[in-house]
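> The listed protein sequences correspond, in order, to chains D and S.
Start counting the first sequence at 1; every next residue gets the next number (the working numbering).
Start counting the second sequence at 1; every next residue gets the next number (the working numbering).
It is worth saying that the hints were derived from the structure and are not from the lab.
Fair warning: there could be bad hints in the mix.
Heads up, simulated DSBU-like pairs for lysine-lysine below, C-alpha to C-alpha not over 30 Å straight-line [as the list claims (entries may be wrong)]: (1) D:Lys49 / S:Lys70; (2) S:Lys145 / S:Lys70; (3) S:Lys53 / S:Lys70; (4) D:Lys49 / S:Lys173; (5) S:Lys147 / S:Lys173; (6) S:Lys145 / S:Lys157.
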Amino acid sequence: MVDSLISAASVIAAAVAVGFAGLGPGIGQGNAAGQAVEGIARQPEAEGKIRGTLLLSLAFMESLTIYGLVVALSVLFANPFINL
Amino acid sequence: MYTFFLSKIEVGSHLYFNITDSLHLHAETVIVSSIVVLIVSLILFLGTRNLEKVPSGFQNFLEVIYELVKSIAFTQLGPSYYSQFLPFIASIFLFVLGSNWAGALIPWKVLEIPSGELAAPTNDINTTASLAILTSISYFFAGLKIKGIGYFKRYIKPAIFFLPLNIVEDFTKPLSLNFRLFGNVVADELTVTVICSLVPLIIPLPIMMLGLFASSLQALIFATLAAAYIGEVIE
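Throw the hints in and build the complete structure from the sequences for me.
Here it is as structure tokens:
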């Protein structure tokens, strides 16, 4: 009974973790990409540099989402609270 | 606990090498990472065997890689220190890139092993953890070597009450490096697996290409961050 309760809670927790982890970085990545497009429109000759920096910073923001995913995966597949 | 998976993704068991009763290795990680190390060193050896003043072919390719790795180290560490840490950063970059791509490019499914399956070694959290811990050790080493005992002044900068924060940072740095690489590789593989189980033909290909691109970017980021942590300490 307790186990199934923990499983149910874990599924919800995983969903919430991924959902909220996607929220912030999504906004951040949108901002960054928008600013980069603006920069390229203003200075087309700097496109290569802007693209490199943008990709690097997008990957950094992506990693925040990935932390959420890691938490979700560990809660789903390697839950430390089941079979105590 | 009974679990139900729509697609056939399972968190299965590894193939274990038992050394003693309590100590065992994840065999598939060890096997694949040794293969990766072999391949990478073979490429590097063959490309630099007879160096020429005017590079051609294979040597050209390796020089491009060298330029890339050098630029990572150079921008983070500055002109006077980069050459000391270039080997470390370059080997981290090549190993992570090699192992990320080995998981996607080599058809491991052809080889049957008793349990578990061969995949990218970086999808095992132990590999990424060891890389992250190596990075920590190397920036401690860099700080102590270059700054001497004055290295510890870093902990009370900019003010004394930043001490706990700076100490915590020493633990969060390897942790975030670890989870970033591990999570990205696992996320790539999970996405590909899920899409393969839905539509096995053609449709997964663009996702796989995206995965290749993302994993090369992760190698770049791991190397950049390792260089940045070292550079932060010695500046």
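> Against each hint, give a clear statement of whether it holds in the structure.
Now the hints, each set against the structure:
1. D:Lys49 / S:Lys70: Given pair D:Lys49, S:Lys70 holds - Cα atoms ~17 Å apart, limit 30 Å.
2. S:Lys145 / S:Lys70: Holds, because 21 Å separates the two Cα atoms, which is no more than 30 Å.
3. S:Lys53 / S:Lys70: Distance of about 19 Å is within 30 Å: holds.
4. D:Lys49 / S:Lys173: holds (27 Å)
5. S:Lys147 / S:Lys173: Distance of about 20 Å is within 30 Å: holds.
6. S:Lys145 / S:Lys157: holds (19 Å)
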